Amino acid sequence: MVGFFGFLRQTLVELWQAVLPPRYFSWQTVIYMSLFSWLMSLLARLVEATAFTVGLLATISWICLALGVGWALEANRVRLFGIPVAPWVSGAILCIFLFGSWGGRWLQPALVSWPLVSFAVIAVPSLVSWDFDLKKPPPMVRQQLALLFCLSLLFSSWFQFYFRIQTWVREYPSLVADSVDHSAFVYRFPGQEVALPAGVTHLTIAEEMLREQIDNKPWPSVERWLLNLDGQRQALQRRVQSQMGRDADLEDSLWRLDFQPLANGDGYTLKLWAIWSGPAANPSGYYLEKTCLLMPVNRSSPVDAETAAPGYTTTQWASLTCDLQTPRQAGHPRGTQQQSSS
Amino acid sequence: MRVHRETPIQGSRFSTHPPRPMPINDLLSELGILPLRAIAVQSMLLMVAIVLEAMVLRQQLRLGYRTSMQYAATLNLLATSLGWVAFLAIEAVLPLALRSQIISYVLFNRFYVNTWYDALPVVVVVVAIAAFFITYWIKLQGLLWLLQLLGQKPVDDTPEAIEGDRRQRYERARRVQLEGRQGNSPRALAMLQANAASFTAVLLLLLLINQSGVLGW
Numbered sequence: 001m002v003g004f005f006g007f008l009r010q011t012l013v014e015l016w017q018a019v020l021p022p023r024y025f026s027w028q029t030v031i032y033m034s035l036f037s038w039l040m041s042l043l044a045r046l047v048e049a050t051a052f053t054v055g056l057l058a059t060i061s062w063i064c065l066a067l068g069v070g071w072a073l074e075a076n077r078v079r080l081f082g083i084p085v086a087p088w089v090s091g092a093i094l095c096i097f098l099f100g101s102w103g104g105r106w107l108q109p110a111l112v113s114w115p116l117v118s119f120a121v122i123a124v125p126s127l128v129s130w131d132f133d134l135k136k137p138p139p140m141v142r143q144q145l146a147l148l149f150c151l152s153l154l155f156s157s158w159f160q161f162y163f164r165i166q167t168w169v170r171e172y173p174s175l176v177a178d179s180v181d182h183s184a185f186v187y188r189f190p191g192q193e194v195a196l197p198a199g200v201t202h203l204t205i206a207e208e209m210l211r212e213q214i215d216n217k218p219w220p221s222v223e224r225w226l227l228n229l230d231g232q233r234q235a236l237q238r239r240v241q242s243q244m245g246r247d248a249d250l251e252d253s254l255w256r257l258d259f260q261p262l263a264n265g266d267g268y269t270l271k272l273w274a275i276w277s278g279p280a281a282n283p284s285g286y287y288l289e290k291t292c293l294l295m296p297v298n299r300s301s302p303v304d305a306e307t308a309a310p311g312y313t314t315t316q317w318a319s320l321t322c323d324l325q326t327p328r329q330a331g332h333p334r335g336t337q338q339q340s341s342s
Numbered sequence: 001m002r003v004h005r006e007t008p009i010q011g012s013r014f015s016t017h018p019p020r021p022m023p024i025n026d027l028l029s030e031l032g033i034l035p036l037r038a039i040a041v042q043s044m045l046l047m048v049a050i051v052l053e054a055m056v057l058r059q060q061l062r063l064g065y066r067t068s069m070q071y072a073a074t075l076n077l078l079a080t081s082l083g084w085v086a087f088l089a090i091e092a093v094l095p096l097a098l099r100s101q102i103i104s105y106v107l108f109n110r111f112y113v114n115t116w117y118d119a120l121p122v123v124v125v126v127v128a129i130a131a132f133f134i135t136y137w138i139k140l141q142g143l144l145w146l147l148q149l150l151g152q153k154p155v156d157d158t159p160e161a162i163e164g165d166r167r168q169r170y171e172r173a174r175r176v177q178l179e180g181r182q183g184n185s186p187r188a189l190a191m192l193q194a195n196a197a198s199f200t201a202v203l204l205l206l207l208l209i210n211q212s213g214v215l216g217w
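Line by line, the protein sequences give chains A and B.
Take the first sequence: its position 342, counting from 1, is numbered 342 in our numbering, and each next residue is one higher.
Take the second sequence: its position 199, counting from 1, is numbered 199 in our numbering, and each next residue is one higher.
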């Protein structure tokens, strides 16, 4: 029994010594101040103190956390490839604190300013003395600081470039459906699921319109409909534009819709094309093709046969069948490269 | 009468990789397209440019190894990052047709046919020449600013400069006198040579990289 208590006591003492900072002026103290400040801010929130109090306590907590973690890493001389990581971690904590409360797209400003904030973390101790006076570091340090500033500006620009690419992809979503293997700038890790180009949606809308207009209609009227090909193409184009108008992207003007009926036995094969005239990996561009089969079918119901006049008993009706696939083809469906006006 | 063929939706040949359950893959697809090649190529080109410019600066301005490397590194990093800032700012306000040409070049390494297509070679050459002179100006200004920052405006009194025999010191004094008369022209000339050397090397390397097969893409 005595041995057990002795062991417990020993453990407690060791634990206490591990937790207790070796000196008051040490990184453990700062971390504890951060914890204490955070707990106080929770407490303040519980007792419904003013937002200013809660915010102030939370701010102190964050700054102490950044200082403490940076100090701890520096004190233990944590190095990554010979580069001290302390300022970068402190800068990251400060950035999360500064921009994390923004909500929404906070990651972009946080990442872009991270290198610059880290530079500030490095620069401030050598530029400002303990009594908040500006001091002039020796030329060697000044040279290093100048170099470091340019380097952090470059890192910041790289992050900014990444976010600019994401903006492009948001504005032109079909770009991600293409291969970026030949790019000298960007890389996409293989094995990812890649979105479909918007042309697939356009083709679906076009198919719906075709169904409304010519599916299940008398064959002669369908033949008449097909006579006005240019008019129908324009109508199709307008229809797709109005349907996509709700969530229009910049790239919608780069898609063109076209179709061509080809004689196939008694009926037609309709080729629907969504033609991409924007940037593409293939030098001649690409288009998506949907193949529909438009066939006359005999549907002579007994009722019709009795009531209808003789000669019309075997009325032919149109039947439209479309493939679900929209295979992607290189080049232009009409062979000649038509210059788009955009 | 809607008769669809009973096939799974397969819009294009890029569409359906079965999603793997690996979280790392989720993260990568969340990140999307990364400018990793740009970063790799730029780091390499920067190293080449810094070494070349340091050699030129060391010869022309008789600086020490370490000093010339530091100067060249600082100036090149400054010019590069200011170049990025300028590119990102200008890209945002360009007309859409020209912007999409930039997008095409970045993502697919080629321009595509639109209204700007015929004018592009001229635009590229003009931009390249302008980039050369703007970079030169930035580097020269940066050098003067850096010397001022390091407190070396009137005379070169780096430790390396003070070392050396009397003859060198005599030459140095003469050169400083000369500088006093002619302003910053030795520096301007040295910087011009350094910039020309690094631009030539970078251009050659870029042409080499763009020849398909090099570096595997």
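No wet-lab data here; the hints were simulated from the structure.
Treat each hint with caution, since some may be false.
Some chain B residues judged to face chain A by a derived CB distance under 10 Å, without partners named [claimed, not checked]:
#	residue
1	Leu75
2	Thr80
3	Leu82
4	Arg110
5	Val113
6	Ser185
7	Leu189
8	Thr200
9	Leu204
10	Asn210
No experiment lies behind these values; they were computed from the predicted model shown.
For every residue, glycine included, the Cβ atom is placed at its ideal position computed from N, Cα and C.
Verification of the supplied hints:
{"no.": "1", "hint": "Leu75", "result": "holds (8 Å)"}
{"no.": "2", "hint": "Thr80", "result": "holds (6 Å)"}
{"no.": "3", "hint": "Leu82", "result": "holds (8 Å)"}
{"no.": "4", "hint": "Arg110", "result": "holds (7 Å)"}
{"no.": "5", "hint": "Val113", "result": "holds (6 Å)"}
{"no.": "6", "hint": "Ser185", "result": "violated (24 Å)"}
{"no.": "7", "hint": "Leu189", "result": "violated (23 Å)"}
{"no.": "8", "hint": "Thr200", "result": "violated (19 Å)"}
{"no.": "9", "hint": "Leu204", "result": "violated (15 Å)"}
{"no.": "10", "hint": "Asn210", "result": "holds (7 Å)"}
Hints 6, 7, 8 and 9 from the list above are not met by this structure, while the remaining hints are.
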